[in-house]
Amino acid sequence: AQSVSQHNHHVILSEAASLELGCNYSYGGTVNLFWYVQYPGQHLQLLLKYFSGDPLVKGIKGFEAEFIKSKFSFNLRKPSVQWSDTAEYFCAVKLGQTGANNLFFGTGTRLTVIP
Amino acid sequence: DGGITQSPKYLFRKEGQNVTLSCEQNLNHDAMYWYRQDPGQGLRLIYYSQIVNDFQKGDIAEGYSVSREKKESFPLTVTSAQKNPTAFYLCASSISGLSGNTIYFGEGSWLTVV
Numbered sequence: 041a042q043s044v045s046q047h048n049h050h051v052i053l054s055e056a057a058s059l060e061l062g063c064n065y066s067y068g069g070t071v072n073l074f075w076y077v078q079y080p081g082q083h084l085q086l087l088l089k090y091f092s093g094d095p096l097v098k099g100i101k102g103f104e105a106e107f108i109k110s111k112f113s114f115n116l117r118k119p120s121v122q123w124s125d126t127a128e129y130f131c132a133v134k135l136g137q138t139g140a141n142n143l144f145f146g147t148g149t150r151l152t153v154i155p
Numbered sequence: 004d005g006g007i008t009q010s011p012k013y014l015f016r017k018e019g020q021n022v023t024l025s026c027e028q029n030l031n032h033d034a035m036y037w038y039r040q041d042p043g044q045g046l047r048l049i050y051y052s053q054i055v056n057d058f059q060k061g062d063i064a065e066g067y068s069v070s071r072e073k074k075e076s077f078p079l080t081v082t083s084a085q086k087n088p089t090a091f092y093l094c095a096s097s098i099s100g101l102s103g104n105t106i107y108f109g110e111g112s113w114l115t116v117v
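Residue numbers (this note's numbering), protein chains in the order written: chain U, 41 to 155; chain C, 4 to 117.
I should point out that these hints are in silico values taken from the structure, not numbers from a laboratory. Source: prediction; values computed, not measured. Note that the Cβ used here is the ideal one computed from N, Cα and C, for glycine as well. There's no promise every hint is true.
[Unchecked claim] Simulated restraints on C-beta separations:
1. 81/U with 99/C: 28 to 34 Å
2. 80/C with 79/U: 27 to 33 Å
3. 42/C with 111/U: 27 to 33 Å
4. 154/U with 115/C: 28 to 34 Å
5. 49/U with 82/C: 27 to 33 Å
6. 57/U with 42/C: 32 to 38 Å
7. 60/U with 55/C: 39 to 45 Å
8. 15/C with 79/U: 33 to 39 Å
9. 42/C with 104/U: 47 to 53 Å
[Stated by the list, open to error] Covered stretches of chain U, as calculated for chain C (at least 3 residues, CB under 8 Å):
10. 71–84
11. 102–111
[What the hints assert, rightly or not] The calculated lysine-lysine pairs, modelled on BS3-like cross-linking and capped at a C-alpha distance of 27 Å, are:
12. 109/U with 89/U
13. 60/C with 74/C
14. 17/C with 60/C
15. 89/U with 60/C
16. 89/U with 17/C
17. 101/U with 89/U
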């Protein structure tokens, strides 16, 4: 069965520290990859996505992610976090060749940024 | 403003009762979805609909039912058969069921069984 793994459940960083959140998936075919963010009390918002082309994608608020096909990974990065980045981050994978428009989500990583 | 509206935001239900969560979108999206979010388990798909009058079971459809009589509406009924209904429910939509389209989420509904 397809799965999405986010190994970091809770990450605590000081402001200005660099961030990398891991995301690995298990599916050998074509995939579309997403990172969603859920700020406290708010709904899920799309942070960035990869469909094809340049494997390094840039999203909102200075976030970026790199698709490494050989490692089945799509890690999220930000060079310098801010207190306002405190949120829960979800990696999601959509199987590109299926008829179903289903997103498989990871379990989420809670990021706490200390001022 | 365009978006996805879920109601109610908070709902309490007694055991043995059915409840219906509303989801309305004015984005003119063809596809709509219901997800359930539990701590430590991410989001899991309950049902999805790619077109009016058609819907498909997701990974955890047991104890739930849906209807899609109108393009903009996709209500979810949590029946008494759902063994662990207390959760956060998210409705979502996308332009179509084709590969490559982004899914947009509503603000969610908290259901608590008392």
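Cross-check of the supplied hints:
At about 31 Å, the CB distance of residue 81/U to residue 99/C agrees with the hint of 28 to 34 Å. A C-beta distance of roughly 29 Å is found between residue 80/C and residue 79/U, which places it inside the suggested range of 27 to 33 Å. Checked against the given bound of 27 to 33 Å, the beta carbons of residue 42/C and residue 111/U, roughly 28 Å apart, stay inside it. Our hint of 28 to 34 Å for residue 154/U and residue 115/C holds, since their Cβ atoms are close to 32 Å apart.
Separation of residue 49/U from residue 82/C is about 32 Å and conforms to the stated range, judged on CB atoms against 27 to 33 Å. Range check, residue 57/U to residue 42/C: Cβ separation about 26 Å, and the 32 to 38 Å hint is violated. A hinted range of 39 to 45 Å holds for the C-beta pair residue 60/U and residue 55/C, which are about 43 Å apart. A hinted range of 33 to 39 Å is violated for the C-beta pair residue 15/C and residue 79/U, which are about 25 Å apart.
A C-beta distance of roughly 28 Å is found between residue 42/C and residue 104/U, which places it outside the suggested range of 47 to 53 Å. Coverage of a stretch by a chain is defined here by at least three residues with a beta carbon nearer than 8 Å to that chain's beta carbons; for the segment 71–84 of chain U and chain C the count is 6, and the condition holds. With a cut-off of 8 Å between beta carbons, the segment 102–111 of chain U has 0 residues touching chain C; three or more are needed, and the interface restraint is violated. About 15 Å separates the Cα atoms of residue 109/U and residue 89/U, which keeps this hinted pair within 27 Å; it holds.
Between the alpha carbons of residue 60/C and residue 74/C the distance comes to roughly 18 Å, so the proposed pair stays at or under 27 Å and holds. Distance check on the hinted pair: residue 17/C and residue 60/C sit about 25 Å apart at the alpha-carbon level, within 27 Å; holds. Distance restraint check for residue 89/U and residue 60/C: the Cα-Cα separation of roughly 25 Å lies within the 27 Å cut-off, and the hinted pair is therefore satisfied. Proposed proximity of residue 89/U and residue 17/C is contradicted: the alpha carbons are some 40 Å apart, above 27 Å.
Straight-line distance between C-alpha atoms of residue 101/U and residue 89/U comes to about 14 Å, which keeps the hinted pair within the 27 Å bound.
In the structure shown, a violation is registered for the earlier hints numbered 6, 8, 9, 11, 16, in ascending order.
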